[in-house]
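Student: What follows is the residue order along each chain.
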Amino acid sequence: MSWAAHEFENYFIQKHVGVKASFLGIVVGTQLPDLFTKSFVYAADDPAAFHRGWPGVGFTHSLIFGFAFAVLVLAVTRSRSWAAGILIGQWAHVLTDFADTAGTMPFFPFSTEPVTIEMWKHAAAEGRFGDAAAYYSSLGGVWDAFWLVVLLVFAREALRPEYFRTTVIPADPRVWGWLHRRLRLPPVALLLFYWGFFFYGLGRMTTWFAYARLEAEAPLDWSWAGPSWVEGNDLSAAGLVEVAIRSTVGGVLFFGFLWLCWKLFVRRLWDRGVDPPVVERGTGLDALFGTRA
Amino acid sequence: MTAADPIDGLPRPAWFVASFALYVTLGLLFKSAVLNWIVGPLWLLLTLWLVPTLARRARDLVGGS
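Residue numbers (my numbering), protein chains in the order written: chain V, 1 to 293; chain F, 1 to 65.
Bound conformation, chain V alone (with noise of 0.2 Å):
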């Protein structure tokens, strides 16, 4: 799993989805994964295989969860940046979590074959701090740094106030205004709550590798799977090949059944969903993404 990569990925989304998502429906979507299994994944038995495998909680990590979420959240709110930032949100937790041994497995239910590059271990089985200490001394502590390092060189200017006031809010005025006047929250406050996401990743980074280096004394091991100190736990023995016939095959049928959805009622939920004022949506990828509103 990756730890603070999710909160630095948010910044980076929003920098190229401008006012066509919500900052806050992206972070949803960021959390979505792992907001409901989690504090469950530590005590199953299994860890890796309950995370990501199927039986398991593992269908949260697919990417027919974000869709089937997004279109719940457009049904019900009709809120298009939400469910533009929960889907995209949601889907890059996929494709990032992939970095580690027990994989996602993106297209389920179409293919329950997990995806990895097998970067670092999911260790999870070592327990929450166990699995810091190993996080934070193998490539996910490198992978959340190389996140880190691309927010700050091709998307740092999501970080500005400015950007904050002229595409933040107006992307979701509604939920900033709630904030603002339910709450009282004055915009110094909302900022503070907006780079709060971003403080959290290079807070809970930097405290995890000291708690590695410092109390744990975990060795560093930026070997590819490492760190060679925690048990293999691959949740799949097929090789390459096989993983890659059962992908594809398993990203047509999905994405063939997404084409289906959209034909058969999304559309129609997309086409009465309402935008903030200030967005102007093209067809295709441009309804997603573009900071032009």
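Just to be clear, a hint being listed does not mean it is correct.
Some but not every residue of chain V turned toward chain F, in silico, with C-beta under 7 Å [stated by the list, open to error]:
no. : residue
1   : Leu148
2   : Phe199
3   : Thr206
Non-contacting residues of chain F with respect to chain V, defined by C-beta distances greater than 12 Å in every case (computed) [as the list claims (entries may be wrong)]:
no. : residue
4   : Ala14
5   : Ala55
6   : Asp60
7   : Leu61
8   : Val62
In short, the hints are calculated from the structure, not lab data. Glycine is no exception: its CB is placed at the ideal position from the N, C-alpha and C atoms.
Following the hints, complete the assembly by docking chain F onto the known chain V.
Tutor: Relative to the frame of chain V, chain F by itself:
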């Protein structure tokens, strides 16, 4: 809150550094209570806005009485 509203009253950078150092220190001491999805994202809001606001109000109350 609209795009036209200015953002006044941002704390100085040193306060952000202090807030971060406090978070890391308390995080090492009280991991479960501090390093979680509720306290973490709200930390800046709590330490740089809520606590100073409450402190100012308390000071005004004491000063006014």
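Student: Each hint needs a verdict: does it hold in this structure or not?
Tutor: Evaluated hints:
{"no.": "1", "hint": "Leu148", "in the structure": "violated, 14 Å"}
{"no.": "2", "hint": "Phe199", "in the structure": "holds, 5 Å"}
{"no.": "3", "hint": "Thr206", "in the structure": "holds, 5 Å"}
{"no.": "4", "hint": "Ala14", "in the structure": "holds, 15 Å"}
{"no.": "5", "hint": "Ala55", "in the structure": "holds, 15 Å"}
{"no.": "6", "hint": "Asp60", "in the structure": "holds, 17 Å"}
{"no.": "7", "hint": "Leu61", "in the structure": "holds, 18 Å"}
{"no.": "8", "hint": "Val62", "in the structure": "holds, 22 Å"}
Checked against the numbered hints listed earlier, the structure breaks hint 1 alone; every other hint is satisfied.
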